[in-house]
Amino acid sequence: MPIHQTARTFGARRVPTTTTASGCWQLGEVTQARRANIWPTDVDPFFSDVSLLMLFNGTSGSTTFTDSSSNGLAFTASGNAQISTVQSKFGGASGFFDGTGDYINSNTTTSALTFGTGDFTIEFWLYFTSTPAGGVLQQTPTSAPALYINIDTTFGVRIGRHGAAQLSAASDTLTANAWNHLAFVRSSGNVKIFFDGVSQTVTNTGGGIGGYDYFATRAIEIGRTADAGLDGYIDSLRITKAARYSQNFTPQTTDFLTA
Amino acid sequence: MAAPNLSSPTSITGKTTYLDLTSTSETDLLVNAASSGKALRVTFLALCNVDGTATVDATVKIHSAASGGTGYEIVSTMTVPADATVTPLGRDLSLWLEEDRRLTVTASAADDLVVVCSYEEVA
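For the record, the sequence lines run as chains A and B. Position 25, counted from 1, in the first sequence is what this note's numbering calls 25; the numbers after and before it change by one each time, with no gaps. Each number in this note's numbering comes from the position in the second sequence (counting from 1) with 1000 added on.
There could be a bad hint or two in this list.
To be verified - Examples of chain B residues lying across from chain A (beta carbon under 7 Å, computed):
(1) T1022
(2) T1024
(3) T1053
(4) A1054
(5) T1055
(6) T1079
(7) P1081
(8) D1083
(9) A1084
(10) T1085
In case anyone wonders, no lab produced these hints; they're calculated from the structure. Keep in mind that this is a model prediction, so the values were computed, not measured. From the three backbone atoms N, C-alpha and C, an ideal C-beta is built for every residue, glycine too.
Please construct the entire structure, taking both the sequences and the accompanying hints into account.
Below you can see the structure in the form of structure tokens.
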């Protein structure tokens, strides 16, 4: 029996699509729709705004780093940067950087971090064995106004713009030998740093970065900044040109969606 | 107190309970305490995604005890589309909740799923 002809549907009778199914559906109808592959599946409502999506999945020792966003950037590994299965938050693997000359580079200039003065969310899972963890990502060339995210004992966790202002949060609440979720969110010029979904007290230096125009279209490096290399594992890094979180939240319990 | 003999109940009361899942933790929807002397017949269960844009996954379990126990899925991580309602249980597909049993619901996202459950309390 076609789905829209079932007798027990109440409300307007309709057929779901792969993206929408508003209305009320009985379990039998859902089953039929799923068998017909027309029941909506999990989708990320912000996916069209995702400019970089690194899941860091793959086989141990692989140097293939895949961007699962629609940009599909191709990264090249330097040093010993590699996929590791020693630690993983999701997918059985993560990106490993030993802190000495390890990083991956997008090779080409990209607008993935070209936020202008608009909203953004940069988030990732980080596993480190000792502090400081080091540089997480940056735009290159590293001269102003390149964006960077760095973790060290002097400033803690910080996001900034090379040669200019920055925003930082004390890193002493991050946990060594465990996965930490970090999120940097700018919404209408207000920037917040979240650790495991909890907004942190932040310190602005040089006026902060709330109103900064991240106009530069440059290559991206993950695993180091001009200050230091990342010593640890990183998993599920996602950059979105939208503010995903406005208040404390529960970090995702499964890997980021790829659609 | 023993569960009632369904051929000669003392009373049958129609009831409805609600749940707004404000977290992603497994949450009790309906509990039939041990020795309640009642049997609960779930005649309507609606899982409503109140988010207008994002899907939410819902899991419904019946547990072998009113507290703790082992959970058995009725619905497992079923995608409820934005602004959609799914009714996994109804009068034609009812479920008896005996003494010392409970129904729980889990959502994959907080503040997205509202649950409405109507049931008959047979004593």
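Tell me the numbers of any earlier hints that the structure contravenes, in ascending order. 1
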